[in-house]
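Peer 1: Start from the sequences and build out the full structure, keeping to the hints where you can.
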Amino acid sequence: PDMVAETRWLRSPYVGVEMNKFYSQPLDCPEDLWRPNNMCVAYCDQYQGWYRARVQQVSPDGKLLQCSMVDYGDVQKIPLSSVRPLTKQFAALPIQACRAALCGVMPVDGSMVWSDESKKFFSTAVSERMLWVKLVAQDSASQILWMHIIDTSHDDTDVYISNSLVEKGLGIRPPQNSL
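Okay, so the sequence shown: first residue is 1296 according to my numbering, each after it adds one.
Cross-link-like lysine-lysine pairs, in silico, DSS-like; alpha carbons within 27 Å at most:
1. Lys1429 / Lys1415
2. Lys1316 / Lys1383
3. Lys1372 / Lys1358
4. Lys1372 / Lys1414
5. Lys1372 / Lys1383
6. Lys1372 / Lys1415
7. Lys1414 / Lys1463
8. Lys1463 / Lys1429
It is worth saying that the hints were derived from the structure and are not from the lab. Small disclaimer: the values here were computed from a predicted structure and weren't measured.
Peer 2: Here is the structure:
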């Protein structure tokens, strides 16, 4: 279940404006501050702003960080010059991304690894759209939310993303006793 559903509950204009204003100022911070699992704020070119992140890896030369964007769910490579310490005021906000998996579908080879084509289809199907999410179960051990994602924008029928993956030959139905 490596297709991660994004949540955007934190997208208050006030929070974004304040965070970008605060972190746009140059700050001196020790280079050895950045270690795996440390929280930070990183300027992300893709999103054109400062966002909260967790350091996953530091490059051997210490000039590049691999960061998990905790409010988006993706991973970005960020230059050290674009990283700042996370302040208490912004650390207090709850993390917005969550681990999630689609019910009723699994990769065609029966593994837990989705093909690049499947991930591309999924991303296109869910990006920049208003969708309904039906929570089916929460696995407390793995902290995964199992859900259906439903596109209701079609006039004649609701489209379950899991069904679309199967119809396109990008996924198969799991055994009966699993989600």
